[in-house]
Amino acid sequence: DGGITQSPKYLFRKEGQNVTLSCEQNLNHDAMYWYRQDPGQGLRLIYYSQIVNDFQKGDIAEGYSVSREKKESFPLTVTSAQKNPTAFYLCASSISGLNYGYTFGSGTRLTVV
Amino acid sequence: SQKIEQNSEALNIQEGKTATLTCNYTNYSPAYLQWYRQDPGRGPVFLLLIRENEKEKRKERLKVTFDTTLKQSLFHITASQPADSATYLCAALYGQNFVFGPGTRLSVLP
Chain A
2 DGGITQSPKY
12 LFRKEGQNVT
22 LSCEQNLNHD
32 AMYWYRQDPG
42 QGLRLIYYSQ
52 IVNDFQKGDI
62 AEGYSVSREK
72 KESFPLTVTS
82 AQKNPTAFYL
92 CASSISGLNY
102 GYTFGSGTRL
112 TVV
Chain B
1089 SQKIEQNSEA
1099 LNIQEGKTAT
1109 LTCNYTNYSP
1119 AYLQWYRQDP
1129 GRGPVFLLLI
1139 RENEKEKRKE
1149 RLKVTFDTTL
1159 KQSLFHITAS
1169 QPADSATYLC
1179 AALYGQNFVF
1189 GPGTRLSVLP
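As given, the protein sequences belong to chains A and B, one line each in that order. Going by the numbering used here, the first residue of the first sequence is number 2, and it counts up by one from there. Going by the numbering used here, the first residue of the second sequence is number 1089, and it counts up by one from there.
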């Protein structure tokens, strides 16, 4: 079955530590996205990529970094510069073009301990 | 910046009734509106997309409307079932990316 796989499902980060969230898709989608979800708020866009080896900052990119070396993979690193990283992180992909919905992964819940 | 508003209060309805959820946007009309369903601890699932020049879209028991005068989209679930209980998100396209609302939690009571 085609889909998006996010791992791990739960992640704990110590203060000052960088952590990387994995996102892999086998849908052959060109575009991939990272969102952050906090209680009572809409999903907020962190980074997105329309094509391999290219990515753009979203609304809340500070403290995060990404790479897009392969079409299937779009990992997100939460750096120590991100002061409030505890949240639910969602990866999504879509066919190029705006007529299509996004396919989301099942999310990674990151907690600072 | 554009803002998408959804009723933050949970909506409770009786099984078999029609659920109606509201999505309001500010300022400019988006080119597209999408609706998603999200279950607790899971990622959203795409349901429907409606374009600015479309008044209404249907899919099985689901219906979405887009009123550019009221700056509003309505999402209807007819003959609701307890399995329809979830949070429903509205997303509007501005520029290249979608702006998501906070979602409305729907509970369908048996």
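Please keep in mind that the hints were generated in silico from the structure rather than gathered at the bench. Values in this document were obtained by computation on a predicted structure and should not be read as measured data. Ideal Cβ positions, reconstructed from N, Cα and C, are used throughout, including at glycine. Treat each hint with caution, since some may be false.
[To be verified] Stretches of chain A that chain B covers, calculated by requiring three or more beta carbons in the stretch to come under 8 Å of a beta carbon on chain B: (1) 35–48; (2) 103–114.
[As the list claims (entries may be wrong)] Mimicking DSS-like on lysine-lysine, the simulated pairs with C-alpha atoms at most 30 Å apart in a straight line are: (3) Lys84(A) with Lys1091(B); (4) Lys1091(B) with Lys1151(B); (5) Lys1145(B) with Lys1159(B); (6) Lys1159(B) with Lys1147(B); (7) Lys58(A) with Lys1159(B); (8) Lys1091(B) with Lys1159(B); (9) Lys58(A) with Lys1091(B); (10) Lys1105(B) with Lys1143(B); (11) Lys1143(B) with Lys1091(B).
We went through each hint and held it up to the structure:
1. Under a criterion of three residues with beta carbons nearer than 8 Å to beta carbons of chain B, the stated coverage of the region 35–48 of chain A is upheld, 7 such residues being counted.
2. Counting residues of the region 103–114 of chain A whose beta carbon lies closer than 8 Å to any beta carbon of chain B gives 7, which reaches the threshold of three, so the coverage claim holds.
3. A threshold of 30 Å between alpha carbons decides the hint, and for Lys84(A) with Lys1091(B) the separation of about 24 Å falls inside it, so the pair holds.
4. Distance check on the hinted pair: Lys1091(B) and Lys1151(B) sit about 23 Å apart at the alpha-carbon level, within 30 Å; holds.
5. Our distance criterion of 30 Å between C-alpha atoms is met by Lys1145(B) and Lys1159(B), whose separation comes to about 17 Å.
6. Distance check on the hinted pair: Lys1159(B) and Lys1147(B) sit about 22 Å apart at the alpha-carbon level, within 30 Å; holds.
7. Taken as a hint, the Lys58(A) and Lys1159(B) pair is honoured in the structure, with Cα atoms around 28 Å apart against an allowance of 30 Å.
8. Among the hinted pairs, Lys1091(B) with Lys1159(B) is consistent with the structure: their alpha-carbon atoms are about 11 Å apart, no more than 30 Å.
9. Restraint check for Lys58(A) and Lys1091(B): the C-alpha separation of about 19 Å stays at or below 30 Å, so the hint holds.
10. With a C-alpha separation of about 23 Å, the suggested pair Lys1105(B) and Lys1143(B) falls inside the 30 Å cut-off, and the hint holds.
11. The straight-line distance between the Cα atoms of Lys1143(B) and Lys1091(B) is roughly 21 Å, inside the 30 Å bound, and the hint therefore holds.
The structure is consistent with each of the numbered hints, conforming to all of them.
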